[in-house]
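Visitor: Spelled out, the chains give:
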Amino acid sequence: MKFSDFVTIDAIQADLSANDKENVIRELVGNLVGAKRINSKDADSIVEAIMKREELGSTGIGRGIAVPHTKHPSVSQLTGTVGVSQGGVDFQSLDGEPVQLFFLLVSPPDRPGDHLRALENISRQLRDDMFCKFLKQSKTADEVKILLEEADNNQFVS
Amino acid sequence: MSITSNETRRVTVNNPHGLHLRPAGMVAKLCRKFESQIEISKGNLRVDARDVLAIVTLFAEKGSELELHVSGTDAITAISELAELISSEFSDELPGNDQL
Numbered sequence: 001m002k003f004s005d006f007v008t009i010d011a012i013q014a015d016l017s018a019n020d021k022e023n024v025i026r027e028l029v030g031n032l033v034g035a036k037r038i039n040s041k042d043a044d045s046i047v048e049a050i051m052k053r054e055e056l057g058s059t060g061i062g063r064g065i066a067v068p069h070t071k072h073p074s075v076s077q078l079t080g081t082v083g084v085s086q087g088g089v090d091f092q093s094l095d096g097e098p099v100q101l102f103f104l105l106v107s108p109p110d111r112p113g114d115h116l117r118a119l120e121n122i123s124r125q126l127r128d129d130m131f132c133k134f135l136k137q138s139k140t141a142d143e144v145k146i147l148l149e150e151a152d153n154n155q156f157v158s
Numbered sequence: 001m002s003i004t005s006n007e008t009r010r011v012t013v014n015n016p017h018g019l020h021l022r023p024a025g026m027v028a029k030l031c032r033k034f035e036s037q038i039e040i041s042k043g044n045l046r047v048d049a050r051d052v053l054a055i056v057t058l059f060a061e062k063g064s065e066l067e068l069h070v071s072g073t074d075a076i077t078a079i080s081e082l083a084e085l086i087s088s089e090f091s092d093e094l095p096g097n098d099q100l
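Chains A and B, in that order, are what the protein sequence lines are.
With the numbering used here applied, the first sequence covers 1 to 158.
With the numbering used here applied, the second sequence covers 1 to 100.
Just to be clear, a hint being listed does not mean it is correct.
What the hints assert, rightly or not - 27 Å max Cα-Cα, derived DSSO-like pairs, lysine-lysine: (1) A:52 - B:29; (2) A:52 - B:62; (3) A:136 - A:36; (4) A:21 - A:36; (5) A:145 - A:2; (6) A:139 - A:52; (7) B:42 - A:2; (8) A:145 - A:133; (9) B:29 - B:62; (10) A:36 - A:2; (11) A:133 - A:2; (12) A:21 - B:29; (13) B:42 - B:62; (14) A:2 - B:62; (15) A:21 - A:133; (16) A:21 - A:139; (17) A:133 - B:29; (18) A:52 - A:36.
It should be emphasised that the hints constitute simulated quantities derived from the structure, not laboratory data.
Take these sequences, add in the hints, and give me the full structure.
Guide: Structural data, given as structure tokens:
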């Protein structure tokens, strides 16, 4: 699976303004609503489900990266977006470090395989220090988009 | 004097959703308890079991066969606890809990 299979380009944001966990999730979900991938009436319920998942253990997996996610019946295919916080957000990460890079995923309840494939792709690409660093340095959505395209073309991982 | 041993064991993933983020986090957390070096392999890919991101790259779905490679003074205990965890359905993923 590639980033282009699940990342909504129009929902990418490189200058997230929220500075706490719930609001950054709300901002990312709001971007998916803005890009018409999620109905505005479902946004609150999706944010609530993602926060409930976070209570089971933070998806802040270290290295300044978090993958907040949930299943939700309102989506028929895996839907995601990317956000960059220049200042970093306290996400109760495994390593205690603030999170700068967010990959938010909403999956249909009956497609756990797609969720695992997307996670595999995100993890594999982000293990490349250069890709991770460049993403964190992105100042515009276009820069993020180009980096994701380069990653999809295997320019970072052999 | 503590004795170093090298242990290898094959295990099958039984969690219906595979080793996604939360099970991978539980595996990494367990492995950090031990002083032994612990790696997990699937096919040609071999990763550090303390690294959540690395575990997820194994793309270990239900039914996947993994090999555990443990080396150190607490290798026997470590491999036994790790094999038990990976082959379990993971305690918080019982029916009724639908979270990934």
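Visitor: With reference to the structure, classify each hint as holding or not holding.
Guide: Hint check results:
no., hint, result
1, A:52 - B:29, "21 Å, holds"
2, A:52 - B:62, "24 Å, holds"
3, A:136 - A:36, "26 Å, holds"
4, A:21 - A:36, "23 Å, holds"
5, A:145 - A:2, "13 Å, holds"
6, A:139 - A:52, "30 Å, violated"
7, B:42 - A:2, "21 Å, holds"
8, A:145 - A:133, "15 Å, holds"
9, B:29 - B:62, "21 Å, holds"
10, A:36 - A:2, "21 Å, holds"
11, A:133 - A:2, "19 Å, holds"
12, A:21 - B:29, "22 Å, holds"
13, B:42 - B:62, "13 Å, holds"
14, A:2 - B:62, "22 Å, holds"
15, A:21 - A:133, "22 Å, holds"
16, A:21 - A:139, "21 Å, holds"
17, A:133 - B:29, "25 Å, holds"
18, A:52 - A:36, "24 Å, holds"
Checked against the numbered hints given earlier, the structure breaks only hint 6 and satisfies all the rest.
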